[in-house]
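*Asks:* Now for the letters of each chain:
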Amino acid sequence: MDKKTKLKEAIKAALAFALVYGIALKVNWLSPSWAGWSVAAIAATSSGAESLAKGFLRARGTVLACIAGIAIISLGAQDRWLFAFLTSAWLFFATYKMLANKKLSYFWFCAAYVSLVITAAGPSPAGGFYLAVFRTMETIMGIVVYALISVFLWPRTNIGAVKKSLSVQLGTQTGLFQELHKVLRGTDQLDHIKVLARQQVKQLGEFSQSLKVEGFENYQIQELLPLWNQFENLNNSLLRSLDRLFGAVEDLSSIDKLGPRPDIDTFFQEIDNRFKAMSGLFSGNETTFEFAEVKLTINSLNRQYISHFDKAVITIITAELNKIEGISRDMVGLALDLTDSKKSDQKNAIKFDKPKKSRGFHFPVLDIEYLKGSFYVSSVVIIGFVIWFYVNPPGHSKWYIMGGVLALLFAGVQQVKVVKLVIPFLIAMFLASLIYVFVLPELSMFYQLGIVLFACMFAIQYFLSGVATVVFTLVIIQLIIINNPQSYDASNLLNGFVFIPMLMLYLFGMSYLTNSPRPEKALLLLVSRFFKSAKYMISEQTGDTESRSFLDQYKIAFYQYELHTLPVKINAWGKAIDKELFPNTDYKKIEALVNALEVLVLRMETLMEAKRGSQKNTLIELIETGSNWNQRLVRTFESWDKIPQEEVKGYSSDLVLKRMEELEEKLKDFVTDNEDKMNEEEGIQFYYLLGGYRGVTEATLSYVSVADQLDWKQWKEERFQ
Amino acid sequence: MSVPHEIHIGEVYMPPMLLAGILGVIAASITARLLNKYRLSKYFFYPPLVTVALIVIYSVIIGWMIVPF
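For the record, the sequence lines run as chains F and Z.
With my numbering applied, the first sequence corresponds to residues 1 to 721, in that order.
With my numbering applied, the second sequence corresponds to residues 1 to 69, in that order.
Hints were generated in silico from the structure; no laboratory data involved.
In this text the structure is predicted, and so the values were computed from the model without any measurement.
Glycine included, C-beta positions come from ideal geometry on N, C-alpha and C.
Incorrect hints may appear among the rest.
DSSO-like cross-link-like pairs, simulated, lysine-lysine; straight-line CA separation at most 30 Å [claimed, not checked]:
| hint | chain 1 | residue 1 | chain 2 | residue 2 |
| --- | --- | --- | --- | --- |
| 1 | F | Lys588 | Z | Lys37 |
| 2 | Z | Lys42 | F | Lys521 |
| 3 | F | Lys26 | Z | Lys37 |
Cβ-to-Cβ under 7 Å is the rule here; a few derived chain Z residues that face chain F [to be verified]:
| hint | residue |
| --- | --- |
| 4 | Pro4 |
| 5 | His5 |
| 6 | His8 |
| 7 | Val12 |
| 8 | Pro15 |
| 9 | Lys42 |
| 10 | Thr51 |
| 11 | Pro68 |
| 12 | Phe69 |
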């Protein structure tokens with residue numbers, strides 16, 4: 001955000017903040033700070049439409065929290081343990097939903113923490129229900145005031161953001177395919193494409209974000225949202241297909257082995273035309289073009305001068321290019337629907353396959369990190385409740401409420417060291433205390449209070465950003481408690497100084513319940529889990545997954561989910577490793593490790609797809625060879641779960657590399673003996689399967705070379721946090 | 001031996017155990033940092049529990065010698 005925009009946004013937020021306090025005090029509502037908190041929370045986002053979207057999520061979350069809070073009070077009013085258990089269970093559920101559902105994350109966050117405030121009020125006449133009603137009213141009032149100010153004072157919207165981000169992304173994709181064509185012809189290097197591929201990932205994220213925000217404010221987008229979501233999904237599929245393709249292209253021993261292929265030139269010309277046409281459609285140009293269906297054929301079997309492994313790689317490249325052709329066809333169809341440019345002759349010219357819905361019951365897979373986060377929050381709340389009731393140290397009910405709120409904030413980012421926030425909190429509290437002690441008692445009229453509130457919120461919004469904004473806003477609202485009539489409590493203020501460090505230490509101690517908060521230990525555990533999942537997926541026999549038992553289906557879905565999500569988590573924990581304590585640890589090497597794992601996952605997906613396709617192959621020796629290779633990979637992954645990582649290189653290179661040479665010799669003999677028995681389709685499947693195994697082996701060796709550069713031994717040593 | 005009494009800053013009174021506890025935490029943190037720096041922490045089985053133990057030990061020693069509680 002540039003300075004001029006930041007200034008305007010800070011003025012709008014500060015004005016809304018002062019106004020909501022004024023309205024709440026004028027009509028004598030309970031606790032005006034709730035309305036202030038509502039304004040502060042939604043002002044923290046970057047754009048007007050996004051703020052309104054967040055405001056509505058907050059309102060809906062508050063309503064749900066009120067219902068949950070009142071239900072808990074009504075059920076558990078006479079039994080403190082039932083009350084604590086119900087609150088803890090509700091927090092567990094809401095935290096899991098908050099972590100699992102990124103679109104409604106803020107909704108569930110509000111549903112969780114507002115319920116804590118309401119349940120803490122208890123069943124008295126001025127208790128839960130009273131609080132719930134006022135909380136909802138003041139939250140909605142905060143949203144309405146901020147919305148009106150956003151609309152009438154320097155409005156800022158996101159109109160056109162979707163189409164703008166899409167045109168940038170399509171431009172990158174066009175460039176990417178042009179470069180890929182050059183690489184396959186041998187006139188360029190793969191490294192140039194990887195930069196474009198990384199840009200594409202970032203642009204896809206921006207497209208998704210702008211779709212979410214503009215979908216909220218723009219009716220046209222909202223009306224066609226299912227189609228836009230489908231377009232987004234196709235972009236994601238394209239990204240994954242390109243990743244697999246790059247991996248296979250890297251494996252080609254020399255590029256010119258593809259030989260002269262005029263069909264590839266035609267293929268890339270058609271893909272180029274399609275992406276340019278989509279860019280034109282989304283820019284509002286009337287595009288006239290004729291589509292052609294292009295499909296590459298695999299005719300590598302007849303070429304004797306290239307190795308079997310290269311034949312396998314060529315098979316994979318051809319298969320992935322054909323998949324990309326299919327995806328681009330679907331994208332063009334959707335682009336025509338979205339821009340309403342359907343022409344009957346063009347529509348008939350394109351045949352696109354609707355995605356097949358797989359049969360059977362689909363069940364959600366539970367994420368272990370989200371479960372740990374939810375357990376952390378629920379245990380903080382229940383033990384905070386016990387501390388409040390039986391010990392009642394400085395802070396009192398805040399052990400229950402603030403403990404839960406801060407635990408919710410840290411549930412998804414457990415690599416953040418909570419104790420590091422003690423100093424910022426104390427600084428913020430000291431500054432707020434100066435206002436509380438020296439400024440507030442001197443005020444007698446609302447306009448004076450309004451100026452102070454305006455100045456505080458303006459300073460926070462203009463000069464601070466990120467976590468500092470949250471910390472200072474929280475402290476200002478909690479410490480500068482405005483009521484009518486106003487009273488001052490020095491002991492409450494000083495207790496706050498004692499409470500905050502104790503709370504942070506408590507939260508830090510509780511984090512040991514779920515896992516070690518030491519980043520290197522968490523990273524080791526995640527890597528171990530990755531190879532456990534990899535071992536299971538490789539060892540799984542191909543077959544129709546729907547004929548398996550429910551438990552087997554769940555295990556497959558679970559381990560597949562683990563393989564896709566663990567590299568991102570490893571990356572997050574890797575960033576948190578302290579460079580002072582681990583001078584040999586370079587974050588770039590961890591990034592390379594994560595990249596190696598992601599490539600391994602993609603190669604494994606290709607292998608599993610190839611195994612499914614080769615099921616009907618009746619050549620017994622082929623099946624046995626594949627099975628042998630399978631077992632070696634399984635033993636490799638199993639061993640990495642157990643052996644010290646510093647021994648990975650020596651052990652695994654031996655296990656994998658030598659066996660590869662033996663298997664290649666065996667395959668050469670096999671192909672020579674069976675050339676007459678194999679038909680073309682069996683041949684293609686054979687090379688696809690071979691390419692799959694080779695891809696996983698190459699990715700495994702690549703991981704070994706990266707892992708060798710890291711200091712696993714020091715990571716395994718015990719240390720003080 | 002001095003008699004345990006409340007500590008005050010101006011007219012704000014606080015228990016001596018609070019001060020001893022704060023000093024104990026600071027001393028334990030310094031010890032932990034030094035042990036980490038010279039890689040001596042690898043000889044402990046579970047350092048987080050050792051940290052808690054160090055806090056208690058330092059708090060008691062400080063309470064006995066400096067800030068009686």
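*Asks:* Does each hint fit the structure? Answer for all of them.
*Replies:* A quick look at each hint next to the structure:
A distance of roughly 24 Å separates the Cα atoms of F:Lys588 and Z:Lys37; the hinted pair therefore holds under the 30 Å criterion. Taking the CA atoms of Z:Lys42 and F:Lys521, the gap is near 13 Å; set against the 30 Å cutoff, the hint holds. For the given pair, F:Lys26 sits about 59 Å from Z:Lys37 by alpha-carbon distance, which is inconsistent with the 30 Å threshold. Given the 7 Å rule on beta carbons, the hint for Z:Pro4 is violated: about 19 Å separates it from the nearest Cβ of chain F.
Violation of the interface hint for Z:His5 is found here, the shortest Cβ-Cβ separation to chain F being roughly 19 Å, above the 7 Å cut-off. Here the hint on Z:His8 is broken, as its CB sits about 12 Å from the closest CB of chain F, past 7 Å. With 7 Å as the threshold, the beta carbon of Z:Val12 comes within range of chain F, its nearest partner Cβ sitting at about 6 Å, so the hint holds. The closest approach between the C-beta of Z:Pro15 and any C-beta of chain F is roughly 10 Å, which is over the 7 Å cut-off, so the hint fails.
With a least beta-carbon distance of about 4 Å to chain F, the hint placing Z:Lys42 at the interface is held under the 7 Å criterion. Evaluation of the Z:Thr51 hint against chain F yields a held restraint, the C-beta minimum of about 6 Å falling below 7 Å. A distance limit of 7 Å between C-beta atoms decides the matter here; for Z:Pro68 the minimum to chain F is near 20 Å, and the interface restraint is violated. This hint is violated: Z:Phe69 has a C-beta 16 Å from the nearest C-beta of chain F, more than the 7 Å allowed.
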